[in-house]
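Given the coordinates of chain A, work out where chain B with the ligand should sit on it, guided by the hints.
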Amino acid sequence: MNNEKRLYVHPGPVRVWHWVNALGFVILILTGFQIRFADILNIMPLQDAITIHNYVGFTLIGNYFIWLIYYLSTGKIKIYILDVRTLVPMAIKQMLYYGYGIFRGDENPHHMTPDNKFNALQQQAYAAIMLIFLPAQMLSGVFLWKVKGYSDYIHLLGGIKTIDTIHVILFFFFGSFVMIHCYLATLGHTPLAHFKAMFTGYEDH
Amino acid sequence: MKKMTRLTKCYGLFFLFLCFLWPSAGLAIENSECMDCHSDESLTKECTDNILQTSITESLYVDEDKFNHSVHNINGITCIDCHTDIEELNWDEELPHKMYLEPVVCTTCHEEEGEAYKKSVHMEILKKGITMRCYACHGYHYVEYSETATVAERGNNYCLKCHNPYQYHEWLPAKEAHFSMVECVVCHSPEVPNKIHLNFIDLVSNKLYTSNEILDALGVDYDEFMPLLDTNKDGIINSSELENLALMLRLKNIHAVFHVELLAELLPIAHEVKRGTAEQDCVKCHSANSTYFDSVSILMTRDDGTIDRYEVDRAVLESYNLSHFYLMSGTRVKLLDKIGFLLLAGGACGALGHLTIRIFTIPIRRKRKTDKK
Ligand code: HEM
Numbered sequence: 166m167n168n169e170k171r172l173y174v175h176p177g178p179v180r181v182w183h184w185v186n187a188l189g190f191v192i193l194i195l196t197g198f199q200i201r202f203a204d205i206l207n208i209m210p211l212q213d214a215i216t217i218h219n220y221v222g223f224t225l226i227g228n229y230f231i232w233l234i235y236y237l238s239t240g241k242i243k244i245y246i247l248d249v250r251t252l253v254p255m256a257i258k259q260m261l262y263y264g265y266g267i268f269r270g271d272e273n274p275h276h277m278t279p280d281n282k283f284n285a286l287q288q289q290a291y292a293a294i295m296l297i298f299l300p301a302q303m304l305s306g307v308f309l310w311k312v313k314g315y316s317d318y319i320h321l322l323g324g325i326k327t328i329d330t331i332h333v334i335l336f337f338f339f340g341s342f343v344m345i346h347c348y349l350a351t352l353g354h355t356p357l358a359h360f361k362a363m364f365t366g367y368e369d370h
Numbered sequence: 056m057k058k059m060t061r062l063t064k065c066y067g068l069f070f071l072f073l074c075f076l077w078p079s080a081g082l083a084i085e086n087s088e089c090m091d092c093h094s095d096e097s098l099t100k101e102c103t104d105n106i107l108q109t110s111i112t113e114s115l116y117v118d119e120d121k122f123n124h125s126v127h128n129i130n131g132i133t134c135i136d137c138h139t140d141i142e143e144l145n146w147d148e149e150l151p152h153k154m155y156l157e158p159v160v161c162t163t164c165h166e167e168e169g170e171a172y173k174k175s176v177h178m179e180i181l182k183k184g185i186t187m188r189c190y191a192c193h194g195y196h197y198v199e200y201s202e203t204a205t206v207a208e209r210g211n212n213y214c215l216k217c218h219n220p221y222q223y224h225e226w227l228p229a230k231e232a233h234f235s236m237v238e239c240v241v242c243h244s245p246e247v248p249n250k251i252h253l254n255f256i257d258l259v260s261n262k263l264y265t266s267n268e269i270l271d272a273l274g275v276d277y278d279e280f281m282p283l284l285d286t287n288k289d290g291i292i293n294s295s296e297l298e299n300l301a302l303m304l305r306l307k308n309i310h311a312v313f314h315v316e317l318l319a320e321l322l323p324i325a326h327e328v329k330r331g332t333a334e335q336d337c338v339k340c341h342s343a344n345s346t347y348f349d350s351v352s353i354l355m356t357r358d359d360g361t362i363d364r365y366e367v368d369r370a371v372l373e374s375y376n377l378s379h380f381y382l383m384s385g386t387r388v389k390l391l392d393k394i395g396f397l398l399l400a401g402g403a404c405g406a407l408g409h410l411t412i413r414i415f416t417i418p419i420r421r422k423r424k425t426d427k428k
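Protein sequence lines correspond, in order, to chains A and B. With my numbering, the residue at position 189 of the first sequence is 354, and numbering never jumps. With my numbering, the residue at position 89 of the second sequence is 144, and numbering never jumps.
For the record, the hints were derived by calculation from the structure and aren't laboratory data. By construction, the Cβ of each residue, glycine as well, lies at the ideal position given by its N, Cα and C atoms. Mixed in with the good hints, there may be bad ones.
[As the list claims (entries may be wrong)] Residues on chain B that point at chain A, a partial pick, calculated with CB under 7 Å: (1) C337; (2) L391; (3) C404.
[Claimed, not checked] Listed next, the in silico DSS-like pairs over lysine-lysine satisfying Cα-Cα at most 30 Å (straight line): (4) A/K258 - B/K422; (5) A/K313 - B/K262; (6) B/K307 - A/K313; (7) B/K339 - B/K329; (8) A/K361 - B/K424; (9) B/K173 - B/K329; (10) A/K313 - B/K393; (11) B/K262 - A/K311; (12) B/K427 - A/K282.
Chain B on its own, in the form it takes in the complex:
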């Protein structure tokens, strides 16, 4: 990720450099020039589907609004940064560029992801003559930041396009719970570090609250959010601070509970989906000292799209603050175990104590019996 940001800067600098050296570089093709034609929803081309060998009509429309919201546009990547074989537009022709353009190679910029992806099952199928490109999962023009995306929005959407997870995993109980709370690659690329996100959800409408809705309700700004919460100023939101937050929201009539998800960090190794290496050891997650709980956070998206991450004490997972999350065994409430062992010990001591007294009092009963006779 760091590398990419550096890369963006390089692009910018390179661009500036060109402008200085060669004023006509200002003629570098603007997105708007392409959009002259490609914003036309009816622009199509005829081509043959190479699997079915039939002629199909392909839309050449690009939704400018959506493109402008994409991670690439936000980072200054233009049409021709990807469609690199268009060097100039020849306005004299009806079609100002080549009829057949080379496929876009994502890995020119995303080298590390490309390397990791090479090791995955999805590249293995190249042997069978199937090419699965990056955009089979990500799409291309409208790639969005996925840092704050939920399980349903990210990985699972990609994977569910092609796989029905209910066909596999017959050994896994509570499949629905797992698939809705654990991103596929958390198990399928077990080396990728993972994290736990807490989102605010309204149970009645089943909708997640956006950062803005939460901040509006609290009446604070992004920069005031953490100081408001973190009353002991240790930079970590703990159980009682979280409780306060829930209380403050309730006063504003927001009945939000926390929705908890296990997600993969955005790192290239998320792509190393291999055969037979997925996490099958239940106790890796279903265990109180699981490393899966090491990183717990609340994310807030600013208006400019940047994301603030607030660290949360992992102990909250075992508290009733998260009453709608129970990862069996793993996030068990320890107090209950203590009460439980008192109950068991009480039962055992009661029975044993009574038995002991019964044994010691045998002589008394024997005596009374003989007396009676």
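So that you can see chain A by itself, here it is in the shape it has in the complex:
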């Protein structure tokens, strides 16, 4: 591996999407806590929490389409598509690295290229998040926003409490994800390397 090489891994639209999404997640999680635990928490009035949550929610939905359209139109979506043949061995290798090799200073078994920027674990996690969990979160959020307006769909899906269950379980999952995601981002060749890359677009090696 050439140590001097700088790889352009995060094109402009992806960087914009990422930071809007990150900020949005944090706000949605904070206001989400306030909404769900209105009787326990007192960060802000419930009305405000709901209003902010709704606006930011819709911003994120718009933002999601920036991501989707970018990846579909450039064909880069394939970096999210799992290769079933190599998936399992690669994932095991990657797990061994994170659970053991990394502490010994072994080299990361995955080598980043613009066309293959995720390791097998990231690929699985991100594919699930971007193609299943986030859409489910957005859809359930929109249903909760107009409980009466969408009542027909809500009934079909088993009722408002069921929809809310999806929204809440995913909310906790995303909360957990954000913590782990931030931590994993410090595992670059320097602790801040990945963060910088998400601003400049270039990953140093």
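What follows is chain B with the ligand alone, placed relative to chain A:
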């Protein structure tokens, strides 16, 4: 309410007393005598509208069937109990009573409601020269029992005659959900105690099942309903008993889910609608320990119109038995929070644990690096 029932009895006794003392009191005017003329749909009178000052034709028809179903007829109140200035019918005249009758005063019998109503905004407008009588909301000849009435059938119907709630409440999210599940006076007369009713609804037709339909399906009588449900005999329907009920109904091909509403108790203070005092504190309802959930019940109407009220454990509000009711934050499923905190704790511990090991293993990596060189 108790007072009214007593009052009904007094009327009855008084009537009996009269009959004994004075046989001709049997001549007290019967409803049917009035109906001789007033059952005629074409009976009208000309009068002048006092706002528009134009002449209008007013129908004098009284629908006897509907009147007979009214709460007043059921309680033995006759035409002349309300139209008190008709003391006798003079059959010699073409018009057997006075041409202009005094307006009926509801508060002669409903004193407490009258007192409470005096304190409301709707009496305040008397200063502006507008009189809003009791029957602006309730109507008069066809007042029905409203104990089992839904949000849409009661308060909201009264209020919606004159107010469009979407013009106000711009601070309230999910307006449609609130207006269809919370009776206006629950917020607007915040002192009135409230209750939660569970109704059986068919989601496909969006129709509520009547008590009879439910009982027919279960194949039981009114008196057998509670014993059938309440398997642990504590007089309260709990979550698993409710689940059984849903199961029994499903076996009879009734796919009913529970429709939940917040209603006002039928008490005089429901009338104290005042300006600027309505409930605006979301957390009064949207809170797990809200007092709004204290009284939860299922009502069954018997054929004779009387109503049985069955108490339901408030914990069912937080269960998936009521999967079509979620009062955000207030009726949240606590189990989800526990799962959630495990997820969050798992994420945090994973990251922190990994970080700790990374720090402790720095010497190993340093050593290997120097070894390599
Ligand atoms: C992806 C990040 C999101 C997170 C972490 C999140 C989190 C939460 C949480 C925790 C709640 C409280 C649920 C409860 O009370 O049980 C909530 C409620 C709500 N969310 Fe989200 N949400 C997200 C996205 C969205 C989106 C995209 C929308 C779309 C507008 C949305 C709309 C709503 C609404 C309207 C409510 C309140 C109604 C209710 O809880 O019944 N959310 N959200």
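Verification of the supplied hints:
With 7 Å as the threshold, the beta carbon of B/C337 comes within range of chain A, its nearest partner Cβ sitting at about 4 Å, so the hint holds. About 5 Å separates the beta-carbon of B/L391 from the nearest beta-carbon of chain A, less than 7 Å, and the hint is met. With a cut of 7 Å, the hint placing B/C404 at the interface with chain A is violated, because the nearest CB-to-CB distance is about 10 Å. With a C-alpha separation of about 24 Å, the suggested pair A/K258 and B/K422 falls inside the 30 Å cut-off, and the hint holds.
Proposed proximity of A/K313 and B/K262 is supported: the alpha carbons are some 16 Å apart, at most 30 Å. Proposed proximity of B/K307 and A/K313 is supported: the alpha carbons are some 29 Å apart, at most 30 Å. Taken as a hint, the B/K339 and B/K329 pair is honoured in the structure, with Cα atoms around 19 Å apart against an allowance of 30 Å. For the hint linking A/K361 to B/K424, the alpha-carbon distance of about 25 Å falls within 30 Å, and the restraint holds.
Proximity of B/K173 to B/K329 is assessed by CA-CA distance (about 11 Å); at most 30 Å being required, the pair is judged to hold. Between the alpha carbons of A/K313 and B/K393 the distance comes to roughly 29 Å, so the proposed pair stays at or under 30 Å and holds. This hinted pair checks out: B/K262 and A/K311 have alpha carbons roughly 21 Å apart, not beyond 30 Å. Under the criterion of a C-alpha separation no larger than 30 Å, the hint pairing B/K427 with A/K282 is consistent with the structure, at around 28 Å.
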